[in-house]
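From just these sequences and the hints, can you work out the full model?
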Amino acid sequence: MMYTYKNVHQGFRLDGKHYNLESLKTLAINYSKAKTDYLRKVGAFLLDWTDNNDYLEVKTSGSTGVPKPIRLSKEAMCNSALATGEFFDLRPGQKALHCLPTEFIAGKMMLVRALMLGLEIDVVQPEANPLAAVNTNYDFCAMTPFQVTASLENLDTIKTLIIGGAPVGTTLVKALMEKKVNAFETYGMTETITHIAAKPVNGPFADSCFKVLPNVSIAQDNRGCLVINAPRLSKVPIVTNDIVKVHTPTAFEWLGRYDNVINSGGIKLFPEQIEAKLQDKIKQRFFIASEPDENLGARVILVIEGKSPVNASQLFSGLSKYEIPKHVYTITKFAETPSGKVQRSKTLKLLIN
1 MMYTYKNVHQ GFRLDGKHYN LESLKTLAIN YSKAKTDYLR KVGAFLLDWT
51 DNNDYLEVKT SGSTGVPKPI RLSKEAMCNS ALATGEFFDL RPGQKALHCL
101 PTEFIAGKMM LVRALMLGLE IDVVQPEANP LAAVNTNYDF CAMTPFQVTA
151 SLENLDTIKT LIIGGAPVGT TLVKALMEKK VNAFETYGMT ETITHIAAKP
201 VNGPFADSCF KVLPNVSIAQ DNRGCLVINA PRLSKVPIVT NDIVKVHTPT
251 AFEWLGRYDN VINSGGIKLF PEQIEAKLQD KIKQRFFIAS EPDENLGARV
301 ILVIEGKSPV NASQLFSGLS KYEIPKHVYT ITKFAETPSG KVQRSKTLKL
351 LIN
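Oh and the sequence shown: position 154 is 154 in the UniProt record's numbering, straight run, nothing missing.
Calculated from the structure, these hints are not laboratory results. There are no misleading hints in this set.
Heads up, simulated DSS-like pairs for lysine-lysine below, C-alpha to C-alpha not over 25 Å straight-line:
1. LYS333 <-> LYS68
2. LYS174 <-> LYS211
3. LYS59 <-> LYS349
4. LYS321 <-> LYS245
5. LYS277 <-> LYS321
6. LYS174 <-> LYS283
7. LYS281 <-> LYS179
Restraint-style ranges between C-beta atoms, simulated for each label pair:
8. ALA34 <-> SER320: 52 to 60 Å
9. LYS245 <-> THR36: 43 to 51 Å
10. PRO67 <-> ALA175: 27 to 35 Å
11. LYS307 <-> THR136: 35 to 43 Å
12. ASN241 <-> GLY297: 14 to 22 Å
13. GLY16 <-> PRO249: 38 to 46 Å
Note that this is a predicted model, so its numbers are computed, not measured. Glycine included, C-beta positions come from ideal geometry on N, C-alpha and C.
Laid out in structure tokens, this is it:
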């Protein structure tokens, strides 16, 4: 078939029923009047998808700045869906579960994948454990790390699981090692129409490197940050603020955000790598940052949401002398984006004030 946003795959099913483009418009109108908020959001997306525009307007996540509206072409969204289908070997008739908020790009793309690839997709409320009330086995599903953690007991009902929205921590990786699900951490952003790379985090092929999807190539700029060339998704290269180690033209290791790098006494430290070492020891949300220091230029600090753990110094036994936080700060509530991502810079401003 001709893959275009103006067509609906014959294998597509939404909650068990096939829709063509016209009946999808009717469904969108009905959903937009639904009593439940998550169905109204699905309806709003379907209205946008079936209108006469060749683009969708979405907002960036805002995790590193102010969320801003951008336009994504529907053709590029279709190309992203096809690349995902090829990478994960998704086929018409396979069952998918949609449990993400549809107002954000990750939720929108679950529906686009079903429409383009002919998946039979079920839509459930996006909550902490979306599998709790589900009695079906699924071939494909996308979740956030928070959802995966809450759904561990039921994960064996899913064959392939992609995890995005935040890094997958070491504690969650260990838990996934005990599960049959094929779990992948994804790398991407709104501008790349969700993921452009993925890595297996459990099973015999678990890896530290992300492998890019079809028709994507990578490079680095003079800062060591990832540059993404994906002509089917973007007409221009996408320059990120993510510092990476490129292993091959199609594989890279993520080190951390350029915005977050701490230069302490001439030593470059990546907060994300320090955080990974502390994840098993701190139950609350936290992050590593820095503050000015007369001798070092900048010194490492730990910021914790809620109360500080007792004997906080014992948390740092696995850190090098350069990585050990010189001060532990607590704050009642972190600043967040609308999608729940921590805004580090805003949280630090709240701490100062």
